[in-house]
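**Q** As a plain string of letters, each chain reads:
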Amino acid sequence: MLTKQEWTADRRAGFAALLGRQRPGWSLEQPFYLDPTIYALERELWFPRQWIVMAHVSELPRRGDRIVRDLFGEEIIIVNAGTDGFHAFYNVCTHRGSRICRDETRTPNLVCPYHAWGFRLTGELLSGRDLPEGADKAELGLHRIGVREAGGLIFCGLDEESLPDLAPALDTLLPALRHHGFHNARIAERRSYPTSANWKLVLENFFECYHCRPSHPEYFRMNGHVAATAVSDEVAAAEWEGGVSAWREQAVAPALDRVVRHAGDIDEVKYSLYRQPIGLGRDTQSHDGKPIAPLMGDFTHYDGGETAMHLGRLSFAGCYNDHAVIFQFMPRGVEETNVVATWLVDADADPGTLDIGSLTFMWDVTTKQDKRIIEDNAAGVRSRAYRPGPYTALESQSASFVASYLEIMGRLVG
Amino acid sequence: MLTKQEWTADRRAGFAALLGRQRPGWSLEQPFYLDPTIYALERELWFPRQWIVMAHVSELPRRGDRIVRDLFGEEIIIVNAGTDGFHAFYNVCTHRGSRICRDETRTPNLVCPYHAWGFRLTGELLSGRDLPEGADKAELGLHRIGVREAGGLIFCGLDEESLPDLAPALDTLLPALRHHGFHNARIAERRSYPTSANWKLVLENFFECYHCRPSHPEYFRMNGHVAATAVSDEVAAAEWEGGVSAWREQAVAPALDRVVRHAGDIDEVKYSLYRQPIGLGRDTQSHDGKPIAPLMGDFTHYDGGETAMHLGRLSFAGCYNDHAVIFQFMPRGVEETNVVATWLVDADADPGTLDIGSLTFMWDVTTKQDKRIIEDNAAGVRSRAYRPGPYTALESQSASFVASYLEIMGRLVG
Amino acid sequence: MLTKQEWTADRRAGFAALLGRQRPGWSLEQPFYLDPTIYALERELWFPRQWIVMAHVSELPRRGDRIVRDLFGEEIIIVNAGTDGFHAFYNVCTHRGSRICRDETRTPNLVCPYHAWGFRLTGELLSGRDLPEGADKAELGLHRIGVREAGGLIFCGLDEESLPDLAPALDTLLPALRHHGFHNARIAERRSYPTSANWKLVLENFFECYHCRPSHPEYFRMNGHVAATAVSDEVAAAEWEGGVSAWREQAVAPALDRVVRHAGDIDEVKYSLYRQPIGLGRDTQSHDGKPIAPLMGDFTHYDGGETAMHLGRLSFAGCYNDHAVIFQFMPRGVEETNVVATWLVDADADPGTLDIGSLTFMWDVTTKQDKRIIEDNAAGVRSRAYRPGPYTALESQSASFVASYLEIMGRLVG
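Residue numbers (this note's numbering), protein chains in the order written: chain R, 1 to 414; chain X, 1 to 414; chain S, 1 to 414.
Bear in mind the hints are in silico, worked out from the structure with no lab data behind them.
Treat each hint with caution, since some may be false.
It does not matter which identical chain is meant; a pair holds if it fits inside one copy or across any two.
Cut-off 20 Å, straight-line C-alpha distance, at most; resulting in silico cross-link-like pairs (SDA-like, lysine to any residue) [unchecked claim]:
| # | residue 1 | residue 2 |
| --- | --- | --- |
| 1 | Lys-371 | Glu-336 |
| 2 | Lys-200 | Gly-333 |
| 3 | Lys-200 | Ile-38 |
| 4 | Lys-137 | Pro-388 |
| 5 | Lys-371 | Arg-102 |
| 6 | Lys-290 | Leu-140 |
| 7 | Lys-371 | Asp-171 |
| 8 | Lys-137 | Pro-24 |
| 9 | Lys-368 | Arg-102 |
| 10 | Lys-137 | Leu-394 |
| 11 | Lys-368 | Arg-221 |
| 12 | Lys-368 | Pro-113 |
| 13 | Lys-137 | Arg-23 |
| 14 | Lys-200 | Ile-266 |
| 15 | Lys-137 | Gly-389 |
| 16 | Lys-371 | Pro-113 |
| 17 | Lys-270 | Gln-397 |
| 18 | Lys-371 | Asp-103 |
| 19 | Lys-137 | Ala-393 |
| 20 | Lys-137 | Ser-232 |
Produce the entire structure from the sequences given, and follow the hints as far as they go.
**A** Spelled out as C-alpha cells, the structure:
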C-alpha cells in the first residue's frame, strides 16, 4: 500500500528526475502510462484538485433526491438538499465505514443500512444515542466532497480544501451554458466507453485531430474543421479560417463570441470556449446534419455552429443549436479510463419523436473508434520497445496538455 | 514476494507504530483491512497458530479415507490412519513439490501421481529406490499439519510447533460437544458464503448484534436475545436476563450450565461456552421453531435452548436440541473470506424426511444478509475517506476482538 | 514497476545469495517459480538472449506477407521483405507508440492505423512530412528484433546485440533439418497448451521421462526408449542401448548419425541432436505406428527413427520419417507458459486424406497430460511447505537445465 510517507526522499527524487528528463514536444516515457505508483501519486495529489462535471440538475430535481457515482475511484453520493443546495459526500458511514447506499432514490435523510445511523441531507449525524464516551457527535458527520451547481451542471471535486476557485472559469463558461440552455435541458441518452488505457493517453487522443483522417472516416467526412486540423495543408487551413471569420461576423451571440483558452496553473481551473461552424452545410451534429430537436436556450434559428468548452481538465462539452454532448473522462485505474458521453436536449423535446440513433451517431461512432485506437496505443506503450515520439504540429494541444501535466506534477511533488 | 527478512527494521518499526496508534474502542485503520503486506504477516505469524475445526469424523470414517481442504490458503490432506489416528499433511510431494491428490477417496497409501512416490498414511516415504546419494529417506516424509480429534470434530492448525495446547479449551468444550451428541452426528448440509472482505471485518460483524435490527429482520423476529443485544434498552435487557436466569434454573444440564468466555492469550486457544433460551416459544432453530430432527446426544426433551461455542478464534458452533451448526471463517486473501456453515443432525436422522429448507432457513438467510452488509462495509473501508469509528456498547465483543488482535500482533512482531 | 536501477545493491546481493545457496541436484527454491521480481529479471536479462523458433517459412511465403506473434510477452511482427529477406519488429509505432497491426495479411508497407505513419518492410520510416524540427527521420525506423531463417524455420530473439551466434548450432542442426525436409514442409496442425506454471517447471518436466510411467500411459506403451528412461532398470536399459546401436549401424544417414548435446554457455546457443528408433515395431509416431504421410526430405524408406533436436533453449523438434513436431515453450508470465506444438508434413501431403487425429495423437495426449501434472506441480510449489527435493538419476537432464540456469543467471547479474 502506497502511503504518503513512502513518497519521501528517494522516490520523490527519482520521480522528480523522471519529470525533469522528459523531452519537450515528445510523448511521455512509459512509467507515466503504466506505473501504479505514479497513478497512486496522481490519485493522491492531482485528481483531488480537479473539478469535473458529475451530473445534470435534471437527475436530482427534488429535495431528497440522491444519486451515487464514481469519482476517481471513490463512490460518492450527491444529494439535493432543497433550499440548502446540493451536497456531496463519500459513500462511507462514519460509524464502521459501511457504504451507505447503492440505490438512487428520494429519501428524507441518509440512513446507513448496517446499523441504521442516520444523517441529515446536509451531512450531520442525526442521532447519537448509542455513542460511547469520547466520541463527539459533531465530528461524526459525513465526509464532504466539493460540489457546485452552475448553469444546470453539477461540478464535483474530492478535496474541498485544495480545489481551485471555479469563479474565473464560470465568468466565461456560465453565459455560454445559459445561452445554450443547459439549465433547461434534460438527458436524452448517456453511454459509457470503458477504455483500457491510462487517462493521459485518452486525453492526448482527444486533444488532436491528426488521427481523424485515418481513424475517423465519418467524422472526417462530416466536419468542416478537419481540413485545418487533420492534415498539414496551409492552403486548406487558410481557407477554413477565412470561412470561420466570415461566419462569425454574422452569427455569433455575444456570450459565445469569444475565443478563450485558459490552460490553468496549479491553482486554477482549466477552461476554454471556442465557437466555429460545423461546416459542409450542416445545421447540427445529427446524422444527416438536419435539425433533430427543439432549439435550445437563446437560439432563435439554426446557425450551424458548434461551441466547444473545456469544463476543467476532465470534462468537455460540444454544443449545437438543438443539443449538447458532455464528455467525462473518468480515470478508474492506471490503465483503465471510463469515457462517458451524455446527450442533452431541451426539456420540452418530445421523447416520442426524438431520433436517438441520429442524435448520438457522430460521437458514438467516433468514441468507439477512439476506444479502439487508444487501446492499440496502450498495447504498444506496454512494450519494452516503446520510446517517446515527437508530436507533430497538428498535435500541439496534446503536447501542451503533457507539458502542463509535467509542470503541475513537478510542483505538487516538489 | 514478502519474505521474513523484509519485515525487519523499518517495516517492523512502521507496523509497530501503526499498531500502537490504534484508538481503543474504535475500529481499525484502513491498512489492517486492505494492505497485502499486513495480510502476509498474518499469514506468516497469526493464522498458523490458530486451531480451527476442519471436518467432522463422519467425513472420513474408515482407515484410508482422505479429504482435501483449504486451510489459510494452503491445500491440506486429512487422512484416517485407523489405529494410528487422524493425520494431516500439506498436499505437497517432497520430491518435486507436486500436489499429491485432488480427489477425496479411500486409499491404502498416499501416492503422488507425478512420479509415483508413495507415502504411508502416517506420512513416511515408502520407497526410496531411486533416491540419489545425499538424500535421506527419513527426511522426505510428508510435511505435517497439526491435527486433533475431539468429540467428533477434527481440529487442524498449520504449525505444529507454535500451536497452543487444546486441552484447556477441551476441558470446557468436550463435555458440551458430547452432551450435544457431536460424536454421533452426520452432516445434513454444508454451504459456503464467499465474502469479499478482510477476515477481521467478517468477524467484527459476527461478534455483534447491534446490526440485527436493521439488517436481519428474520433473525430479529425469531430470537429472544435480540431484545438485549440489538437495541440499547436497559429495561428490555433486564427483562431478558431475568428470563434467562429463570430458564436456566430448571433446564440446563451440568455440562452446559456454565458461562465461560476465555479470550485467550497469544499461547492459548480462545474458547467460550454460553447457553440461553431461543425464546419466543421456539423449541429449536428451525423455520417454524418446531422440532425438525431426532433429539441429539443426551437430550431427553426439548428445552428450547441454544448453546453457543467459540472453538478457537475462527470456528464456532450454535447447538440446539436436535441439530447444530458449525461456522468456519476461512481467510482466503486480504479481501476474501470464505464463511462455511455445516448443519449436523443425529446420525440416525432419516434423510428421507429431513426438511433441509427449514433446517437451514435461519442461518442461511442471515449469513447471506451478512455477506451483503460485510461487502458493503468493505466497499466503504476502501475509500480514502474511511476513518476508524467508535464501537457502541452493543459492539463490545467486536471491540474486544480487535483489542486482542492488536495485543497479540504486537507481541508476534515485537 | 521494476527498473534496472532497483536491481542494484541490496536486491542484487540478495539474489546472488539466493542463487548461491541452491543445492546442486535438487530442485529450486520457491521464489524461482513464483517471485515476479525474478521473472522480471529473467525478462530483462535472460529471455532477450534466447533464439526461439517462431514460425515456418510456409506461413509467410510471399513478399509483403506478415504475421503477428507474441515473443516473451512482446507483440512482434515478422515480415517477408522478398529479396531483402525476413525482418521482424516490435509491433510499436515510433510516433506515439501505437500497435501497428493486428491482422496477418499481405501489404506493400507497414502503415500504422492511428496517424498513418508508413514504414518500409525493412523498417525505415517512409514519410516524414509532418515531423517537427529536432526529430530525425532516420531515428524513427521501427524497433528491430533479431531474425534468422534456417532450413525453413524462422528463429527470432529480442535483443539483436546480445543474441549469441546461431552459426555453431546450425552447423549441426541445418543438415539434419534439410535431411528431414523442413524447408519443403507445410503446417498440418498447430495447437496451444496454455499451462499455468513457471516456464522452468514446464521445462523440467519436458526434460525427464521418470514421470512417463505414472503420468503418460499411452507414451509409455508406444515408445521403446522408456524402458531405459522411465524406470531404473539396468538390464532393460542395457538391452535398449544395445538395440539402438544395432539399429544405428544399418540405418542412419550421415547428417543424422551424430549424438550432439551442447548445453551452451551464456554466449552460446544450446543445441542437441540425437537419433534413436521409436521401437516396438512402429514406423512413425502416428496413432497406430504406421505411415501417415509422404516421406519427407531425403528419406527413401521408413527406418522407424526419431530425431530429437534442441533448437535453442526454448524450442525443440521431434522428427520422424513422414512428419515432424516443433515445440515452443513461450513464457507469458511468472506462472503462465504457453506450450505450442506444430505438426509439419511434406508440402505435397494431400490435405484431403491426411488423418490429423492420428498425426497429432501421441503428442496431443501427452502434452495435455503434461499440462495437468505441471499445473499440479505448480500448485504444490505455491505452498509454504514446499522445499526443494532431490532429482533422481532419471531426471538428470532436468538437473542439468537447472544447474545451467543458475550458472548463467549468476553471471548475468554478477
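**Q** A separate judgement is required for each hint: does it hold in the structure or not?
**A** We went through each hint and held it up to the structure:
1. In this assembly of identical chains, Lys-371 and Glu-336 lie within 20 Å of each other by CA distance solely inside one copy; the values are 11 Å within and 28 Å between copies.
2. Only within a single protomer do Lys-200 and Gly-333 lie at most 20 Å apart by alpha-carbon distance; the minimum there is 12 Å, versus 26 Å between protomers.
3. For a Cα distance limit of 20 Å, the shortest separation of Lys-200 from Ile-38 inside one copy, 12 Å, qualifies, whereas the shortest one across copies, 30 Å, does not.
4. When the C-alpha separation of Lys-137 and Pro-388 is checked against a cutoff of 20 Å, the pair qualifies only between copies, where the shortest distance is 14 Å, while the shortest distance within a copy is 54 Å.
5. For a Cα distance limit of 20 Å, the shortest separation of Lys-371 from Arg-102 across copies, 15 Å, qualifies, whereas the shortest one inside one copy, 28 Å, does not.
6. In the homo-oligomer, the alpha carbons of Lys-290 and Leu-140 never lie at most 20 Å apart, since the shortest distance is 55 Å inside one protomer and 45 Å across protomers.
7. Taking the shortest Cα distances, Lys-371 and Asp-171 never come within 20 Å of each other, neither inside one copy (33 Å) nor across copies (49 Å).
8. Taking the shortest alpha-carbon separations for Lys-137 and Pro-24, only the inter-copy value of 18 Å comes in at or below 20 Å, while the best intra-copy value is 52 Å.
9. With identical chains, the CA atoms of Lys-368 and Arg-102 are at most 20 Å apart between copies only, with a shortest distance of 17 Å across copies and 29 Å within one.
10. Taking the closest pair of Cα atoms, Lys-137 and Leu-394 come within 20 Å of each other only across two copies (18 Å); inside a single copy the shortest separation is 57 Å, beyond that limit.
11. For a Cα distance limit of 20 Å, the shortest separation of Lys-368 from Arg-221 inside one copy, 17 Å, qualifies, whereas the shortest one across copies, 52 Å, does not.
12. In the homo-oligomer, the alpha carbons of Lys-368 and Pro-113 lie at most 20 Å apart only across protomers (15 Å), although the nearest pairing inside one protomer, at 39 Å, exceeds that limit.
13. For the identical chains of this complex, Lys-137 and Arg-23 are inter-copy neighbours only, at 17 Å across copies versus 53 Å inside a copy, given an alpha-carbon limit of 20 Å.
14. For the identical chains of this complex, Lys-200 and Ile-266 are intra-copy neighbours only, at 17 Å inside a copy versus 41 Å across copies, given an alpha-carbon limit of 20 Å.
15. For a Cα distance limit of 20 Å, the shortest separation of Lys-137 from Gly-389 across copies, 11 Å, qualifies, whereas the shortest one inside one copy, 56 Å, does not.
16. In this homomeric assembly, Lys-371 and Pro-113 come within 20 Å of each other (Cα to Cα) only across copies, at 13 Å, whereas the closest approach inside a single copy is 38 Å.
17. When the C-alpha separation of Lys-270 and Gln-397 is checked against a cutoff of 20 Å, the pair qualifies only within one copy, where the shortest distance is 13 Å, while the shortest distance between copies is 51 Å.
18. Only between protomers do Lys-371 and Asp-103 lie at most 20 Å apart by alpha-carbon distance; the minimum there is 18 Å, versus 29 Å within a single protomer.
19. For a Cα distance limit of 20 Å, the shortest separation of Lys-137 from Ala-393 across copies, 16 Å, qualifies, whereas the shortest one inside one copy, 58 Å, does not.
20. Only between protomers do Lys-137 and Ser-232 lie at most 20 Å apart by alpha-carbon distance; the minimum there is 17 Å, versus 64 Å within a single protomer.
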